[in-house]
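S.K.: Now for the letters of each chain:
Number of protein chains: 2
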Amino acid sequence: MHVAVTGAAGMIGRKLTDRLVADGHLGGVGLDGLSLFDVVEPATPEGWTGVLDRAVLDLAGPGAGDAVVARRPEVILHLAAVVSGEAEADFDKGYRVNLDGTRHLLEAIRRAHLADGYLPRLVFTSSIAVYGAPLPDPIPDEFPATPRTSYGTQKAIDELLLADFTRRGFVDGIGIRLPTICIRPGKPNAAASGFFSSILREPLVGQEAVLPVPESVRHWHASPRSAVGFLIRAATIDSALIGPDRTLSMPGVSATVGEQIEALRRVAGDSAVALIRREPDETIMRMVSGWAPGLAATRARALGFTAETSFDEIIRVHLEDELGH
Amino acid sequence: MHVAVTGAAGMIGRKLTDRLVADGHLGGVGLDGLSLFDVVEPATPEGWTGVLDRAVLDLAGPGAGDAVVARRPEVILHLAAVVSGEAEADFDKGYRVNLDGTRHLLEAIRRAHLADGYLPRLVFTSSIAVYGAPLPDPIPDEFPATPRTSYGTQKAIDELLLADFTRRGFVDGIGIRLPTICIRPGKPNAAASGFFSSILREPLVGQEAVLPVPESVRHWHASPRSAVGFLIRAATIDSALIGPDRTLSMPGVSATVGEQIEALRRVAGDSAVALIRREPDETIMRMVSGWAPGLAATRARALGFTAETSFDEIIRVHLEDELGH
Chain C
7 MHVAVTGAAG MIGRKLTDRL VADGHLGGVG LDGLSLFDVV EPATPEGWTG
57 VLDRAVLDLA GPGAGDAVVA RRPEVILHLA AVVSGEAEAD FDKGYRVNLD
107 GTRHLLEAIR RAHLADGYLP RLVFTSSIAV YGAPLPDPIP DEFPATPRTS
157 YGTQKAIDEL LLADFTRRGF VDGIGIRLPT ICIRPGKPNA AASGFFSSIL
207 REPLVGQEAV LPVPESVRHW HASPRSAVGF LIRAATIDSA LIGPDRTLSM
257 PGVSATVGEQ IEALRRVAGD SAVALIRREP DETIMRMVSG WAPGLAATRA
307 RALGFTAETS FDEIIRVHLE DELGH
Chain E
7 MHVAVTGAAG MIGRKLTDRL VADGHLGGVG LDGLSLFDVV EPATPEGWTG
57 VLDRAVLDLA GPGAGDAVVA RRPEVILHLA AVVSGEAEAD FDKGYRVNLD
107 GTRHLLEAIR RAHLADGYLP RLVFTSSIAV YGAPLPDPIP DEFPATPRTS
157 YGTQKAIDEL LLADFTRRGF VDGIGIRLPT ICIRPGKPNA AASGFFSSIL
207 REPLVGQEAV LPVPESVRHW HASPRSAVGF LIRAATIDSA LIGPDRTLSM
257 PGVSATVGEQ IEALRRVAGD SAVALIRREP DETIMRMVSG WAPGLAATRA
307 RALGFTAETS FDEIIRVHLE DELGH
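Chains as they are written, first to last, in the working numbering: chain C, 7 to 331; chain E, 7 to 331.
One should not assume that every hint holds.
[What the hints assert, rightly or not] Using 16 angstroms as the maximum straight-line C-alpha spacing, the simulated EDC-like pairs for lysine to aspartate or glutamate come out as follows:
(1) C:K99 - E:E113
(2) E:K99 - C:E113
(3) E:K193 - E:E214
Hints listed in this document are in silico derivations from the structure and should not be mistaken for laboratory results.
Just chain C, with the same shape it has in the complex (with noise of 0.2 angstroms):
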């Protein structure tokens, strides 16, 4: 089986691709060629001995969508995507990437389809952002997506464009919801949702981090660990199992502020807490307080995908994949 990646470079991506690789296989078919792709060169991953391509590529660009179905690839794994900060920053690179670029490569897998009924899995990585306020707590599957972002909105159309793709037959689309990814390793990135990360993240190993919210914050979560798992899950799932509305919400982690802050005290001790510093951000605070606090996923969890149940677990998560614990 030949596995394609775009925004392989990314954090997810280059977790994902390492699981792959250790693997060896995609729902027990083995894994002979990986296809990897990025706006910055994609790394070979340790251990890899199969057929590799790894293409810089802007994915809006003329001729991307071609290069990333070119060795028809039955697994496409689409990561690319400009973040909520920058999207929100930057219109015109926003809706560029996370739009034209999930269009391009939508309609480049219809050419492969029309011209040698090529029809491959696609899994898309949507996001919580389709939701805005007003939200229930915990938000249904059936709650209409209103977005209150320009990532929020560009995420949604491409939910819409993958289910129409996908009705079409044209390709073999699952779309999955992201919970906010906690905790991102390494440096922030520009996502406005970073501080939930850093607030653990920084501490864990002695280092000052600023919370810009207050402690009564409430928001949906799961480790970089869980988001492989969810991609592996949709990458392998019987697809008639998911019906003509072919995004799912994935399940996660509910906490407040407070309560990250709690577990975060359990696990490294008042010292660790006191190295957290509030310094309110009214525009981060604005933009936080239309954010889903937490969702019933209860399609996916009836359709296997698991999350961690407790941000104790999510903090064990990182401690032993990123800090060798």
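Following the hints, complete the assembly by docking chain E onto the known chain C.
M.R.: Chain E in isolation, oriented as in the chain C frame:
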């Protein structure tokens, strides 16, 4: 005030233009200019003495959006679209006109806004086709858009774009989800919903009509006169009343085909009803089975959008407006 209309040569476009010319104002502001656009040349409105631009324009073509905003119309009524049957039959054309055409128009408005602060009211005609089975009856305003056709997908995407461009302050957009317009005058178009009109229109002038679905089929209707009323209301309503969800489901009449036929019998007698020939069509039945039976339209009614309240009234409007009764 200058008003632009896309799709001006279509059935609703012509009725809308006639109404604007007859009124001589829009929301109490005198009308001195009209720009009419369509893929076929729009007619000169009878009795119009103000500034008039008429242009043959493919909205998805290069520069088309800029042409629409060239005179900086205070109001743009965007009706141009490929209808449902055609969008399903010609995938590329549907996306090109219904998605790219609308997006290009929004982008042109944004460019003008960034250049000189231009901020028009844009009225976008959406459709109940954004709703897909399984559907409650009536469909509440907060029901999610889960289209089951390419046409419905394109309209749902346009609604998302309209909301985001409005939220960002580039345009003052309001979308209206039109019911199936009944009784359409003239010849059938490529819409799969055509029979809802023809089973009344043809018998009213002594001609045969074909009914492809059972009498139990329930659907959501408003007259062409009501559609024009919706557009005028959307063009003039206080924008602040709408909130962040910029598209409203329009009121109408929920009726079964059997109830339509009984209304015809009351108006035109048994001899008219006898002209309806049953010719079951599996394809149309399958399509129609997923259509909206009725909408609550609570927000729109509260905001002063009004439609007929019975099918007898819908037939009476047709007799008055089309047959000179």
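S.K.: Indicate, hint by hint, whether the structure satisfies it.
M.R.: Now for the hints, and whether the structure bears them out:
Between K99 of chain C and E113 of chain E the alpha-carbon distance is near 13 angstroms, which keeps this suggested pair within the 16 angstroms criterion. For the given pair, K99 of chain E sits about 13 angstroms from E113 of chain C by alpha-carbon distance, which is consistent with the 16 angstroms threshold. As the CA atoms of K193 of chain E and E214 of chain E are separated by approximately 13 angstroms, the hinted pair is consistent with the 16 angstroms bound.
In summary, the structure agrees with every hint in the numbered list given earlier.
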